[in-house]
Amino acid sequence: MITYNPKDWFTFIFRFHKADTLRKLAPLIFGISVYCWVIAFLELHVLKIPDNSHIKQITVMHTLLSFVISMLLVFRTNTAYDRWWEGRKQWGSLVNNSRNLAIKLHSMLGYEDAAHRSFFKKIIPMYASVLAHHLHAESTRLALDEQEHPELRELNTSQHLPNQVAKLIIQRVNKLYTEGKIKGDQLIILNNELQSFTDICGACERIKNTPIPYSYSVFLKKFIFFYVMTLPFSFALSLGYLAVPVVAFIFYVLASLEEIAEEIEDPFGGDENDLPMNKMAQNIKKHVVEILS
Amino acid sequence: MITYNPKDWFTFIFRFHKADTLRKLAPLIFGISVYCWVIAFLELHVLKIPDNSHIKQITVMHTLLSFVISMLLVFRTNTAYDRWWEGRKQWGSLVNNSRNLAIKLHSMLGYEDAAHRSFFKKIIPMYASVLAHHLHAESTRLALDEQEHPELRELNTSQHLPNQVAKLIIQRVNKLYTEGKIKGDQLIILNNELQSFTDICGACERIKNTPIPYSYSVFLKKFIFFYVMTLPFSFALSLGYLAVPVVAFIFYVLASLEEIAEEIEDPFGGDENDLPMNKMAQNIKKHVVEILS
Amino acid sequence: MITYNPKDWFTFIFRFHKADTLRKLAPLIFGISVYCWVIAFLELHVLKIPDNSHIKQITVMHTLLSFVISMLLVFRTNTAYDRWWEGRKQWGSLVNNSRNLAIKLHSMLGYEDAAHRSFFKKIIPMYASVLAHHLHAESTRLALDEQEHPELRELNTSQHLPNQVAKLIIQRVNKLYTEGKIKGDQLIILNNELQSFTDICGACERIKNTPIPYSYSVFLKKFIFFYVMTLPFSFALSLGYLAVPVVAFIFYVLASLEEIAEEIEDPFGGDENDLPMNKMAQNIKKHVVEILS
Amino acid sequence: MITYNPKDWFTFIFRFHKADTLRKLAPLIFGISVYCWVIAFLELHVLKIPDNSHIKQITVMHTLLSFVISMLLVFRTNTAYDRWWEGRKQWGSLVNNSRNLAIKLHSMLGYEDAAHRSFFKKIIPMYASVLAHHLHAESTRLALDEQEHPELRELNTSQHLPNQVAKLIIQRVNKLYTEGKIKGDQLIILNNELQSFTDICGACERIKNTPIPYSYSVFLKKFIFFYVMTLPFSFALSLGYLAVPVVAFIFYVLASLEEIAEEIEDPFGGDENDLPMNKMAQNIKKHVVEILS
Amino acid sequence: MITYNPKDWFTFIFRFHKADTLRKLAPLIFGISVYCWVIAFLELHVLKIPDNSHIKQITVMHTLLSFVISMLLVFRTNTAYDRWWEGRKQWGSLVNNSRNLAIKLHSMLGYEDAAHRSFFKKIIPMYASVLAHHLHAESTRLALDEQEHPELRELNTSQHLPNQVAKLIIQRVNKLYTEGKIKGDQLIILNNELQSFTDICGACERIKNTPIPYSYSVFLKKFIFFYVMTLPFSFALSLGYLAVPVVAFIFYVLASLEEIAEEIEDPFGGDENDLPMNKMAQNIKKHVVEILS
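Residue numbers (the working numbering), protein chains in the order written: chain F, 239 to 531; chain X, 239 to 531; chain V, 239 to 531; chain G, 239 to 531; chain Y, 239 to 531.
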């Protein structure tokens, strides 16, 4: 994730950061420009299509559909953003629950109980780092795929690590209870935090392994493609060679929206915009150790 | 469900997957094209309607209504997507609760208690597979239909299987409690997971047996039909035979949105985009067995 | 509620179901058509307004406002749909809680305890049917009206039946507790389901007795009315008698949206699209009896 | 609040209720009409601006901005409606919790315990009426204002009444517990309802004392003002004196949306559309007394 | 935060408050006006571009993209508003939990227990003021930044103060429990409030340290910049020097939306529109002291 100052317009407009869609789309924008120039050249100098040709009227289609394509793309970006934000919320929740669990255990365990303290100092932050690793794995992304993946051997053989860590935490707390170190009322109080770990893991897995429906995604891409590919036909007649930058700019806007949506809909990848899970796991470690000391 | 790489534009644009709306709508798009060609032929060569005819102005209606139809369809798709995503969330919740219940029971039951362990190893994943089966059934879809369905005999006679499984789980846990194998505080801690099964089942049934209101659905279809059917009248005059691909493309866009919405609003069917419930039930089985071993 | 197959386009487009807005609005659409024909006749044949008249330019107003009216109506329908869906969710929640309560009581009560079993077999489904009846009553709709309603005598005198049933359930469970038939931990576990009945009833009452704000509703109707009434003035000049079907179709679209919103915003009435509360109460009865047997 | 029949179009369109925005905006609409007439008179008869003047092209600005202004206003209304509906939900929640608390206490307290019964019969509904009074007070609206308000003396000196009532309820329940009249499990069961009072009060205070951000509000008003004020310049040239009703109608639509938003964003005032808090407090009183008798 | 009367239009339109975007953007608007005048001068008097030039047709691009830019900006503002409102809700929740905790402790602690009372009188409001301070700190904003910040020394060394306060509260309550001053049932009842502090802190930190994705932000700024910069080319031909105020107004509207979004998306800064955290902390102090006395 990139932390930035949203009020610094100058940098935004004139620098080309690695995560800037303009930089990523540059080759495509160039390609579209050439395509558009070719169309314009053919229409204006080879075919010499007259100004009152029906072709010029194709604009009416683009106007009628401009609303659908705009809304679809804006909704697409917002749905992707919702997923990204939900992922961030789940990790925020992991932070909160790690802290709360540490604070509660700190007040329940005696100061002299070094063994349990050091166990929890290690195991609570371990959940976050194990989860970060789990979510980066390709096997997690493909967990719901019905096809076979012989190339990913660990998909079927390896254990589910976050579950194992959660098991260790809950087992230990239950042991504290059966040994009488914490009472039943205290066990009840710890329950929220204990079960939250697995809930958070499941929610992150859901975001990771369930992209938006295939039909939706494929339709959107076909729509953008045909929409932009047909723009030069009429624009070359009404705008001449000015159609080249105009079509390029329209393509930049539409493709950027789809590009941004693709990047942020899976907040657990390695993209520039993805959540800094390792940093968050470090912060959890720092705070849990601080609390339990 | 189809797992895919959202960044692979080339495949999206040039392949025609089974779940692609372009493939599904192909016959209809062809039909509309023929219809449009016939209208154009009649207007241009048979009736020879002059260019300044009032008919050409019908476009104004399509422009005025283009907002409504676009917004309606985009909202329709998004409402359908919300249902699909809610269904996915419910199943995610089932995954979480199955795992958490297994982890908790694992820590409460002694290692030697093989009988109970093997009972829960079987019954927890069974809920998921029974629910998957239940949601595929036609009788579930028609549960709220006020008409008689003599053709579906089991609608009124058969038992509600998920309820039976939930009953077995809760009964067994309660027995553990009355026999003193788990204490009251532990029973309270298990409660969330225990009651979640029936809540999840009910939520999935709700999505399954309650489509969007009939009036809304019928209005939308009539609207799309009339909108597209009247397009060629004015377009044939302003675009000539170019009206054929233009109208076909507009129809493709509008109908795709409705088509996608229809497919994903019931995430528990057998469509390509529907949730992989069997795969998820398998995963639950794998994890629960792993935890309770 | 009408259960239907959303993929059967043919039926949707060519049949005129009782709940179809086209059928309901037919007289109004006819009226608007006549009005529009009269305006067109006056402008074209009586006043003989020239083609370059300022009147033709009124279209600019309709274009500028087409976006507001579209968005307002689409949002209106979606807000109404949210209320309808919330009502459905509340009833889904009632189903879940009835089932869960029955399952839990089943596991807590001894098999031989026929008296309590038969009590709960009757009283749990009774809540649903009493609530259905309560929500159909005119007195519930007017519960927040500050005016006097002498014509509705029971408004002030009658008891609140759902409260009475909830009281009976909670009282009986509490008695089980004080008599030692269920323990404190079990009482705590039953609490969620016990208090949900009244929460659900309150939420349904809220939807029933609080329509969208009066000013909003009145503004929307005035806006549609003026918008459609002024359409023929300019359309008659640009479209001639074609203005009649065009205005009729625009009116059909706008009025349908408002009509649908009106129908579904109160999901507890007797409209075709309203929730099948009696059917749901029957289902609850069936399942609760099945569970407690 | 006004309870009405949403299907009675005739009344809506032809009557001018006190809460109708058309009535409230009438003087302003008249003012705008005069302004527009003056502009038209100047342009057409004094300055005699030719038809091909650049001024006529200003329309392009209004068209480009018509989307933004429409979306902003529709979103504004919907945000305001969300606040209104959230306020309603909080009061619905107060109704539910008052009922549930009464039902639970009824089942826990002995029939002969007249003292406690009559205490709760009074104090539970008292919360609702004290809250209604609290939310009407100007001091509640200004609770977060950082400026001094010497004219509102009670702002800093008076006690927070709802807190005092909540304190009395919780204190009494706690006393019942310490005296052994209710057991620990029953105390736990009552907790949800007990803490909900203060949560509801806080949520209502939040809606009351936090309007939408100042910058947003001021921008919207400046935008509407400039947008409408510049409309007549181009419209007078294309529409002649017809610009007067056209501009007036556009103003009516835009200003109505802002007007409605202003009214409903604070649901706890004394406007026609505001929540009938006193009626609701009465209903709570009626039901609580009915339950506890 | 500025508390204002939303119905006072006159003040809104004619005063220029410090938080008014018109005042903030004034220099930029002036700059754009000069730029636009220069373009107009060049096109009209230096290059003498003819009226039928292709340049005039660039407007078609602005029209096609006007939907996207409008929707993007309105959604942007609404997303920012959601963050602002969520921040407000979290602080409202802090108010509620502080009050509820104080009320509960008041009823559980004896009147004579001055020591504990005075401890909680100090420590509960202290959480709010420590949190306010924590959220103002630059180190909180950069907590997730993966870059090194040597200039912010306390980023890595200082303790997390809100955690320390939460620790003190929970520790003390736990001590009351182990000393038998409050019973287990009462401990369970206090749990919600106790764990809410850390949850609220985490949620506020999330809003503070996670701006909307960088790519989204940078794209939006580039888009607005290019959109406005290309407007004068075609407008100068169709509007002459009138293009200057028209472009300036369009820029004012678009930039205001982005400006407002930037301001309110971080509700915990020192901007005019930000939440009055210190005032809220004061109010919490006042009420907690009032309750516990």
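Keep in mind the hints are simulated off the structure, nothing from the lab. Given the structure is predicted, the values throughout are model-derived calculations rather than measurements. Each hint should be verified, as a subset may be incorrect.
No copy is singled out in the list; a pair is fine if it fits within one copy or between any two copies.
What the hints assert, rightly or not - EDC-like cross-link-like pairs, simulated, lysine to aspartate or glutamate; straight-line CA separation at most 16 Å:
1. K413 to E500
2. K517 to D383
3. K459 to D246
4. K524 to D509
5. K256 to E497
6. K327 to E417
7. K517 to E384
8. K327 to E497
9. K262 to D246
10. K459 to D258
11. K524 to E497
12. K517 to D423
For each hint, the structure was consulted:
1. K413 to E500: neither (45 Å within a copy, 50 Å between copies)
2. K517 to D383: between (30 Å within a copy, 8 Å between copies)
3. K459 to D246: Close across copies (10 Å), not inside one copy (33 Å); limit 16 Å.
4. K524 to D509: neither (25 Å within a copy, 31 Å between copies)
5. K256 to E497: Answer is within; shortest intra-copy Cα gap is 14 Å, inter-copy 25 Å.
6. K327 to E417: Answer is neither; intra-copy 36 Å and inter-copy 37 Å both fail.
7. K517 to E384: between (33 Å within a copy, 7 Å between copies)
8. K327 to E497: Neither, since 23 Å and 25 Å both go past 16 Å.
9. K262 to D246: between (22 Å within a copy, 14 Å between copies)
10. K459 to D258: Between copies only: 11 Å across, 20 Å inside.
11. K524 to E497: neither (35 Å within a copy, 36 Å between copies)
12. K517 to D423: neither (35 Å within a copy, 37 Å between copies)
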